[in-house]
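> Sequence:
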Amino acid sequence: MLPLHYYLIVSAALFAIGLAGALTRRNAIIALIGIELMLNAANLNFIAFWRYGSRPEALTGVMFVIFSIGVAAAEAAVGLALIIAIYRHYKTTNLDEIDSLKG
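Residues in the sequence shown are numbered consecutively from 1, following the numbering used here.
These are computed hints drawn from the structure, not numbers from a lab.
Small disclaimer: the values here were computed from a predicted structure and weren't measured.
We put the CB at the ideal spot given by N, CA and C, even for glycine.
Any given hint could be a false lead.
[Said to hold, decoys possible] Simulated restraints, written as ranges between beta carbons of each label pair:
#1 I98 / S54: 46 to 52 Å
#2 R51 / Y90: 42 to 48 Å
#3 P56 / I29: 34 to 40 Å
#4 S100 / R55: 24 to 30 Å
#5 E57 / I84: 42 to 48 Å
#6 Y52 / K91: 45 to 51 Å
#7 Y6 / R26: 29 to 35 Å
#8 A74 / A16: 20 to 26 Å
#9 R25 / V78: 17 to 23 Å
#10 V10 / S100: 37 to 43 Å
Please work from the sequences and hints to get the whole structure.
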């Protein structure tokens with residue numbers, strides 16, 4: 001079995017990749033993918049700390065992850081709906097070109 005810090009290193013790398021993708025990319029879909037990577041890094045931390053915790057039979061980490069996956073699915077659905085609406089109005093998914101919230 002691998003030590004806990006291996007999982008934490010992978011999770012930190014995954015979070016850093018997601019953060020870099022969300023902050024540096026101009027495409028709205030790629031920014032949404034970066035946010036999803038950050039949520040997956042948090043899920044990996046939940047599972048790792050649950051597994052290496054004092055009571056792994058309690059299943060608290062698994063419940064947090066299931067709730068987080070549900071929130072991520074709702075966030076992806078709403079995010080994609082917003083991106084489609086913005087694309088229909090502005091004909092672009094470039095975040096720098098979307099400069100007003102007027103209809």
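> Run every hint past the structure and note whether it holds.
These are the hints, each one checked on the structure:
Between I98 and S54 the beta carbons are some 48 Å apart, a value that agrees with the proposed interval 46 to 52 Å. The beta-carbon spacing between R51 and Y90, approximately 45 Å, falls within the hinted interval of 42 to 48 Å. Between P56 and I29, the C-beta spacing of about 37 Å keeps the proposed range 34 to 40 Å intact. Under the hint 24 to 30 Å, the C-beta atoms of S100 and R55, about 52 Å apart, miss the expected range.
Under the hint 42 to 48 Å, the C-beta atoms of E57 and I84, about 44 Å apart, fit the expected range. Hint check: Y52 to K91, Cβ distance near 50 Å, so the stated range 45 to 51 Å holds. Distance hint check for Y6 and R26: the Cβ-Cβ separation is about 34 Å, which falls inside the suggested range of 29 to 35 Å. Distance hint for A74 and A16: a CB-CB separation of about 25 Å, consistent with the stated range 20 to 26 Å.
Checked against the hint of 17 to 23 Å, the C-beta distance between R25 and V78 comes to roughly 19 Å, which is consistent with it. Separation of V10 from S100 is about 41 Å and conforms to the stated range, judged on CB atoms against 37 to 43 Å.
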